[in-house]
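2 protein chains.
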Amino acid sequence: MDMAGPGHDAAAVPPDPTAETIEADEGTGAAVDELIEKIAGLEDRWLRSVAELDNVRKRLARDIERARGDERVRLLREWLPVVDNLDLALRHAGADPGAMVEGVRAVRDQAVALLARLGHPRHDETGVPFDPAAHEAVGTRADPGVPPGTVVEVVRPGYGDPGAQLRPAAVIVSTSPD
Amino acid sequence: MDMAGPGHDAAAVPPDPTAETIEADEGTGAAVDELIEKIAGLEDRWLRSVAELDNVRKRLARDIERARGDERVRLLREWLPVVDNLDLALRHAGADPGAMVEGVRAVRDQAVALLARLGHPRHDETGVPFDPAAHEAVGTRADPGVPPGTVVEVVRPGYGDPGAQLRPAAVIVSTSPD
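In order, the protein sequence lines correspond to chains A and B.
Taking the UniProt record's numbering, the leading residue of the first sequence gets 1, the next gets one more, and so forth.
Taking the UniProt record's numbering, the leading residue of the second sequence gets 1, the next gets one more, and so forth.
Derived from the structure by calculation, the hints contain no laboratory data.
Glycine included, every Cβ here is placed at the ideal spot set by N, Cα and C.
All the pointers check out, no bait thrown in.
In silico contact screen, one side only, chain B against chain A (beta carbon under 10 Å); selected entries: (1) Val32; (2) Ile39; (3) Val50; (4) Glu52; (5) Leu60; (6) Ile64; (7) Ala67; (8) Glu71; (9) Arg72; (10) Val83; (11) Leu86; (12) Ala89; (13) Ala93; (14) Val107; (15) Gly160.
So these bits of chain A aren't anywhere near chain B, every CB distance computed over 10 Å: (16) Ala133; (17) Arg141; (18) Val146.
Hey, can you work out the whole structure from these sequences and the hints?
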């Protein structure tokens, strides 16, 4: 399908023969025939590459839709073990509530590990300076123990580093005690 | 950029003038010049559409990669509330184990509802005939109460209907009692 490829009957392309036929004063009829043949060949090539361009453009939309669907299925399959383990934790809920807490914690850790593996590690650090690229300030608190502008509580963890962020961490930030 | 468009200096394209110049016995020099000009124009168009084709192909690969990444981020953001609610259930774990079971069940239901909304409803029906498109048989059991080939237990639910299936349901199938 690659009509621009070097192997594809490229003989009619180089401009040199054209330059030669300009000089041909005798045998003009043959030269004209040659030129007309050349024009037919070029027209054919041009029309074919325009048609191919049209096909590729149409395919673009379909290919993108398919890539999106494939990615969705691939990703959702990765989440199924998390759901399975929630089912499992619930099935054993009656027996030992303490064991259930451990089971649910393991499921949460599994989900967080999956997010990290997919490129979006969890961020819930306190004691770090407020960073507008990583944090969303949802409140402030006077705290004499830390410098002003320090994250003193994470209300909701963030996932992913700036550039590949699913969401920033929602945090409480220290103010200077007045 | 659409060089095949009707507005893009299409005057040199129609094949009729070529047919006329074949007939031109006098003024052959002028006819040859015209043909050479035509060839230059066609070569230019052809080369430009080949270059455009190359660009579109390269863009295709980039666009697909970007669509995949966008879909991944969009989907993972949908899962974050599930993870948030697991965090919440664990935070309240100490207080009331019974309430925790309810909380975890709600999270599980939330995850199952999300999968359904994304086009992959949960399947864990028993009492239905075994269907190789929807079920994976992982065992058999003699059961005089139902016709042979009936799903008598779902070991692991399936998600999605055939055609948009994340996985089939793993089931135990009844055999005729001998």
